[in-house]
Structures are given as structure tokens and as C-alpha cells.
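*Asks:* Sequence:
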Amino acid sequence: MTIKTAPESVEAINILKTATAKKLNPNLDGELEYQIALFDDALHLRISANSSGGFFSKEWIPLERIEQCLDPSFSAETDLKSTLLKNVFEKGKSSNNAGFLCACLRAEQILSPSNKNIFMHRFTGDFEQWRKTLNKLTKK
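Numbering-wise, the working numbering comes out as the position in the sequence shown, counting from 1, plus 1142.
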């Protein structure tokens, strides 16, 4: 797979949405900020800030790469660990990356918390519908 990096020019990145997500651990203060953008004819997501500190990668992750990790055979009853998304990151080696990304995907209603463990997830979203919703933002 060829790794695409974000364009050098900020003007070439069309940021469609900036939002916040609660951290997975309810005992931790602060929120994560994330952005969804369009460039190179593809939607991308990145974690852009952590209000309470902690290392993470700010790299842009193509939504397609995230979707490839979430097998369509997963049901709403399948419990998933955050580490499932560890390999979508090419640059940052922080152990926080996958968990922070899962928190963002929960905020986007792609993942939901598991009934068994607050740090596990269930794939309950619809990538096609999410992509349609995001693509509508490009027309504004």
C-alpha cells in the first residue's frame, strides 16, 4: 500500500469538521479534538489535540484504511479491542493512538462501547452513511 501524506499546503486540505470526543477512561479529565478533512480525493481523520496532555500522532488517516480494519462480518455483538486500529498509524508509535482514534470513532457513532468492558468497542456504525454525511459537508 502506498502511503499518502497530507499536502504541504494547508490550503490544499479542506477541513470539513472539527469536533471533540470524550476519552475512553471515564476517570480521566479532558477531551480529544479531531478533524475530518478532504484531500487527494479522499476523506481523512486525525487527532488534532488532547486537552489533558499525552502523546499521540497527528497524522491524517484515510477513512478507507480505518474501514479496512473493521471487518464487515463484525456484528453489533462482537467485542473489539482498540489495538485493532493500531496499524492504521504509520508514523506515531504512541500507545495512545489506537484508543484515542476509537474515542473519535465513538463520537462519530461508528463504534459503541461494549457492554462487557468500557475499553472495548462494538462496530455499530455504517461507513457508507457516514461517508455520505461527510461528503455533504464538502458541498457547503
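Derived from the structure by calculation, the hints contain no laboratory data. Some hints here could point you the wrong way.
Each computed DMTMM-like pair below joins lysine to aspartate or glutamate, with the alpha-carbon atoms no more than 25 Å apart [as the list claims (entries may be wrong)]:
id, residue 1, residue 2
1, K1223, D1171
2, K1278, D1171
3, K1159, D1221
4, K1278, D1182
5, K1165, D1213
6, K1223, D1182
*Asks:* Can you confirm whether the C-alpha distance between K1165 and D1213 stays at or below 25 Å?
*Replies:* Distance ~24 Å between K1165 and D1213 Cα, so the pair holds.
*Asks:* For the pair supplied as a hint, K1159 and D1221, is the alpha-carbon distance within the 25 Å limit?
*Replies:* violated, 28 Å
*Asks:* Checking one constraint from the list: CA of K1223 to CA of D1182, max 25 Å. Satisfied?
*Replies:* violated, 30 Å
*Asks:* Does K1278 pair with D1182 here, judged by a C-alpha cut-off of 25 Å?
*Replies:* holds, 17 Å
*Asks:* K1278 and D1171 were given as a pair; does the straight-line alpha-carbon distance stay at or below 25 Å?
*Replies:* The given pair, whose Cα atoms are some 33 Å apart, is violated under the 25 Å limit.
*Asks:* Quickly compare the C-alpha distance for K1223 and D1171 to 25 Å and report which way the hint goes.
*Replies:* Roughly 22 Å between the alpha carbons, so the hint for K1223 and D1171 holds.
Violated hints, in rising order: 2, 3, 6; the structure is consistent with all others.
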